[in-house]
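Counting from 1, position 167 in the sequence shown corresponds to residue 167 in the UniProt record's numbering; the numbering is continuous, with no gaps.
Please keep in mind that the hints were generated in silico from the structure rather than gathered at the bench. Every clue listed holds true.
Dumping the calculated DSS-like pairs for lysine-lysine here, alpha-carbon to alpha-carbon at most 27 Å: (1) K238 <-> K274; (2) K309 <-> K408; (3) K408 <-> K230; (4) K356 <-> K336; (5) K226 <-> K329; (6) K356 <-> K413.
Pairwise CB distance ranges (calculated): (7) V229 <-> D79: 44 to 54 Å; (8) R173 <-> E337: 38 to 48 Å; (9) E228 <-> I295: 20 to 30 Å; (10) R143 <-> P251: 18 to 28 Å; (11) G273 <-> P251: 22 to 32 Å; (12) I293 <-> T172: 28 to 38 Å; (13) E17 <-> L49: 18 to 28 Å.
Note that this is a predicted model, so its numbers are computed, not measured. Think of the CB as a built atom: it goes at the ideal place given N, C-alpha and C, for glycine as much as any other residue.
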Amino acid sequence: MNKRMRELLAKFDEKIELAKSYMEGENKDLEKASKLMDEAEEIKKEFELEKRIFEQTKEANTPDKEEIEKQQQQNEEKDAVKQFAEAARNGFRVKDMSEGSNADGGYTVPEDIQTKINTYRESKASLLELVTVEPVSTNKGSRTFKSRAQQTGFKKVGEGSKIGKKATPQFTRLDYEIEKFAGYFPVTNELLEDSDQNITDVIVTWIGDESRVTANQLILAVIAAKEEVKLEGLDDIKKAFNVTLGQAFKPTSTLVTNDDGLQYLDTLKDADGKYLLQPDPANPMQAKLCAGINIIPVKVYPNEDMQSKVNYEKTSDTSVTSKKTYYTKESDGTYKEVSSASTDNIANYYEAKGLKVPFICGDLKEGIIYFDRNKMNIKVSDVAQIGDLNAYEEDLTIFRAIEREDVKVKDEKAFVNGYILIND
1 MNKRMRELLA
11 KFDEKIELAK
21 SYMEGENKDL
31 EKASKLMDEA
41 EEIKKEFELE
51 KRIFEQTKEA
61 NTPDKEEIEK
71 QQQQNEEKDA
81 VKQFAEAARN
91 GFRVKDMSEG
101 SNADGGYTVP
111 EDIQTKINTY
121 RESKASLLEL
131 VTVEPVSTNK
141 GSRTFKSRAQ
151 QTGFKKVGEG
161 SKIGKKATPQ
171 FTRLDYEIEK
181 FAGYFPVTNE
191 LLEDSDQNIT
201 DVIVTWIGDE
211 SRVTANQLIL
221 AVIAAKEEVK
231 LEGLDDIKKA
241 FNVTLGQAFK
251 PTSTLVTNDD
261 GLQYLDTLKD
271 ADGKYLLQPD
281 PANPMQAKLC
291 AGINIIPVKV
301 YPNEDMQSKV
311 NYEKTSDTSV
321 TSKKTYYTKE
331 SDGTYKEVSS
341 ASTDNIANYY
351 EAKGLKVPFI
361 CGDLKEGIIY
371 FDRNKMNIKV
381 SDVAQIGDLN
391 AYEEDLTIFR
401 AIEREDVKVK
411 DEKAFVNGYI
421 LIND
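Can you make the complete structure from the sequences, with help from the hints?
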């Protein structure tokens with residue numbers, strides 16, 4: 001009941017009591033009593049109307065379950081940011097942190113902050129969106145997956161004959177072993193005097209970017225371990241989808257490339273001069289390659305995240321040409337520029353001829369699995385010395401972060417490690 005309702009109720013009671021007084025004793029005044037009762041009725045109507053307005057307003061201002069949960073989440077996030085920033089200011093040496101510490105030393109990032117890191121990591125160019133991410137809680141283990149085995153159909157059986165054994169679903173057992181990846185990040189000590197939100201944002205951004213790049217590199221390394229397939233052009237791309245992947249994987253497959261590959265695809269035209277690479281009307285940020293009956297989704301990553309590789313070929317020269325740059329192939333498979341070329345060694349020289357641009361075709365969710373230990377650990381020091389970097393002398397704080405993951409091939413038939421050779 002609000003103030004206005006209480007005032008009306010008091011006036012109503014006053015009118016009733018006054019009306020009663022005119023109905024008592026020998027000098028009754030029915031006319032005045034009746035008038036007072038009419039006034040009381042009007043006050044009652046006003047009171048009921050005011051009550052309705054009050055209840056409607058109260059209902060409208062009362063948060064529903066979703067709003068309450070949202071507010072609670074915001075409050076929890078604020079608390080998490082405050083606690084994390086305070087832990088950073090204290091060198092992550094807070095004794096009563098519920099997350100505790102582990103064998104690596106340092107502070108285990110709380111779940112709320114880990115979620116912020118994961119969200120930031122996945123908001124940029126992350127290959128994690130293409131593969132299967134499997135959270136795990138142990139450093140070693142295995143998972144069992146059902147393969148997309150081809151079905152054989154029923155077999156003809158004569159009357160009274162024995163029915164043969166039907167093919168059963170095929171399963172793959174995949175072992176994982178979580179490995180540790182770490183890095184460090186120096187900041188000025190002034191950062192620790194900043195707001196809780198800024199401290200948290202700086203650390204989350206740094207860890208999120210490093211984590212994203214680490215996952216990308218691990219996934220690309222697994223893809224690169226599969227034998228490369230040279231695609232001569234659009235027809236070979238279509239063949240990779242139509243034949244190599246086939247109907248087992250084609251409907252869920254994507255063509256993954258980089259900026260160099262986008263430039264190549266963006267110049268392809270049909271016989272009428274129309275470009276084959278088109279935006280998807282349902283998602284303008286998603287491109288699709290329209291090639292015959294094929295409409296292939298295309299995912300493009302920056303060259304910085306998915307690099308093209310220089311293509312080296314044995315030189316056909318029989319003598320050194322002064323204007324050319326030659327390379328030798330090292331034992332680890334890399335190529336080294338020859339500083340002083342000699343005709344005597346020309347048979348061992350290579351030349352750089354064009355770029356091998358990645359064109360990965362397939363369903364990487366079926367092809368690759370990323371095992372995520374999802375347990376980030378941070379430790380800081382204001383006296384550490386790393387190479388030429390001296391935290392104590394330079395008034396810096398060095399953050400060290402450790403994360404754990406593993407990447408495995410789930411089904412090698414689900415993707416093609418393709419490339420197109422593009423000459424300069």
